[in-house]
Amino acid sequence: MNVTLCNDDGLYRAGGELSAKWRISRVPLDEVQSVEVSVLWHTEGKGDEDLHVHHFQRFAEHQLRRAGLADQQVLQCVLPATPLSYHGRLIRLQWCVRLRLFLADGREIVAEQPFHLVSNEMARPHSVSSDRAAMLLPKSGGAVRGKVLENVPAS
Amino acid sequence: MPRFPKPWSKKRGKRILGHALAGEAGELTFYAGLFLIGVFGFSLVLINEVAPESVSQVPTDAISTGLGTWIFGILSLASMLTGGVTLLYRLARIGASSERRSAIAKMAGSIDMIGPPSDDAQALPSVPKGSAITESPGERLTYRLAAEKAKSGIAGPATLALLWSSAWLVLLAVVVSGFWNGQPRWYLAALLVPFAMISVWSFRFFLNQFRQFAGIGPTIVEISSHPLVPGGQYDLFISQSGRLRLKRLTVLLTCEEETFYQQGTDVRVDRHEAIRQVICKERNVAVDPQAPWEQQLRIDLPENVMHSFVGTHNAIRWKVVVSGESQPWPSFCRSFPVVVHPPDLSLKRSPQ
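As given, the protein sequences belong to chains P and G, one line each in that order.
One point on numbering: in the working numbering, the residue at position 50 of the first sequence is 149, and numbering is uninterrupted.
One point on numbering: in the working numbering, the residue at position 277 of the second sequence is 678, and numbering is uninterrupted.
Bound conformation, chain P alone (with noise of 0.2 angstroms):
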C-alpha cells in the first residue's frame, strides 16, 4: 500500500488543491472487502485526540473490482483553509492522507501520508525557514511515500 502525494515538500496551500495518489500491491482482490480514503486531520500530543475528515471515499468490493486494485488511483480534492499545521508543546496538528483497508478476516491496515497545510505566507520559500516557523511546523519534511502503521484485528 502507498500513497503518493504531488507535492514533492508536503506543503500545501490553504485553501489549494491536493491530489494524491494511491495503490495496494500484492494483496489479491479476493481477501480485501472494502477501502477506505480520507484527508483528514487530527490532534496529537498530552489532551485527547481530535479528528475530522475533510474528504472521505469508500470502496466496496464491487468497486474496487471496476477499478482495478492493482491499477494506481487519483485522489483529488480542495483543501479548506483552516486549521492550519501546527507544532507546538502540548498540540500538535497534523493533516494527512489516510488509506485503510479492510481484509476479509477482519484485519484493517492502514498508511499515512502526513502533509502540511500552511498559509499562503508560508507558503513562500523565503517564510518557512523563518525563527516562527520553526513552531508552526515541525524540522523534518514530508515523507513522499506512505508507510503501513498499524496492523489490528477489527474490534
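No wet-lab data here; the hints were simulated from the structure.
Please read these numbers as outputs of a predicted model, since none were measured by experiment.
Please note that a few of the clues may not be correct.
[As the list claims (entries may be wrong)] Residues from chain P shown here face chain G by an in silico Cβ test under 8 angstroms; the list is partial:
1) L139
2) T142
3) V152
4) F155
5) A159
6) E160
7) H161
8) R164
9) L178
10) A180
11) P182
12) R188
13) R199
14) N219
Where a beta carbon is used, it is the ideal one built from N, C-alpha and C, also for glycine.
Please build the complex by placing chain G on the supplied structure of chain P, with the hints as guidance.
Chain G only, in chain P's frame:
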C-alpha cells in the same frame, strides 16, 4: 475458575482493560433495556386509557389518576425515544473506522434541518467565530472586548453565607423557645457553637470575595479591529478604574495551548503559554475613581503565528491579559479573548 464476563471495559490512557467489545455490548444492553421498559410502560398507559376494563389482569391502580397517567406516559415515551435513538446510534458506530464516523458526523451536520453551518464556519472551519467579541462597540476604539467570565463569582459565597446564617438563626430560635418554655434542648444548644463557627467562616469568605469584586473597579479593553491577523498592527485602549494603588500593572497578549485529557475517570486540563508579548508594564500606578488609569497601546502581532483553533479536546486561544498587584486589595488578573485568523483569509467585518 471461569471468570464472569464484565459488561463494561475500563480505559486507562490509551490502554483498554477488558475486552473492547464488552463495553459496547454493555451499552447496547442498557439502551435496549431502556427502550423495552419504555415500550412496556407506554403500552400500560395506552391500555389504561383505551380499554381499561377489557384487560383485567393489568394492574392499573397506580396509574389510574389523570395526572399520574400523563406523567407515566411522558416518562415512558422519553425512555423509549432515548433508548431507541441511542441504540441505533451505537449500532451504527460498531465496526466503522474513526474516519467513517467523522465523515458521517460531518454529513449529518450539513443537513439543513439540523442547522446549516454559517459562512464563517464554512470559510474557516475549527476557528472560533468570535461574534460575541464584535457585538459591543467601543467608545474610543471600534470594539469593546468582553472579559472572560471569572471562575469565582460572589453569588455562591453570598448564598452560602445567607443560607448558613439563616439556618443558624432558626436553630437559635428553637433553642431560645425551648429555654423559654422550660424544656431546654441541650443537644441543639451544643450544636449552636460549631454552626456559628461555620457561619462566621462563610461570612468572612463572602466579605473577602466581595472586597475583590467591588474594590477593584472594572477593566475596559477596546481594540481598533477584530479579528486579528498575523503581522497586523492594532490599537488597544485600556482603562482601569477603582480606588487602588497598584505595585505593578501589566498588559499582555498571550497565545495559550489548552488540552483536555482523561486520566482514569477524571477529565483534566493542561495549559501552556506558547507566546507571551508584553504590551505594557508599569510600576506604582495610582488609580482614583475620578481619574482612572488609561492608556492607548499598540499590538504588533508577529507573522507566522498560529491562528485561534477550537477542537473538541484541544484549543489554541489568544487573549489580552490585564493583571495587577495591589494593596490592600487582592491581586487581580482579567482576560479578554480575541480571535486570530490565518493571514490572507481573514473575513472582513464592519462594526455594528
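To see whether the hints hold, each was checked on the structure:
{"no.": "1", "hint": "L139", "result": "holds (6 angstroms)"}
{"no.": "2", "hint": "T142", "result": "holds (5 angstroms)"}
{"no.": "3", "hint": "V152", "result": "holds (4 angstroms)"}
{"no.": "4", "hint": "F155", "result": "holds (4 angstroms)"}
{"no.": "5", "hint": "A159", "result": "violated (13 angstroms)"}
{"no.": "6", "hint": "E160", "result": "violated (16 angstroms)"}
{"no.": "7", "hint": "H161", "result": "violated (18 angstroms)"}
{"no.": "8", "hint": "R164", "result": "violated (21 angstroms)"}
{"no.": "9", "hint": "L178", "result": "violated (11 angstroms)"}
{"no.": "10", "hint": "A180", "result": "holds (5 angstroms)"}
{"no.": "11", "hint": "P182", "result": "holds (4 angstroms)"}
{"no.": "12", "hint": "R188", "result": "holds (5 angstroms)"}
{"no.": "13", "hint": "R199", "result": "holds (6 angstroms)"}
{"no.": "14", "hint": "N219", "result": "holds (5 angstroms)"}
Comparing the model with each numbered hint stated earlier shows that hints 5, 6, 7, 8 and 9 do not hold.
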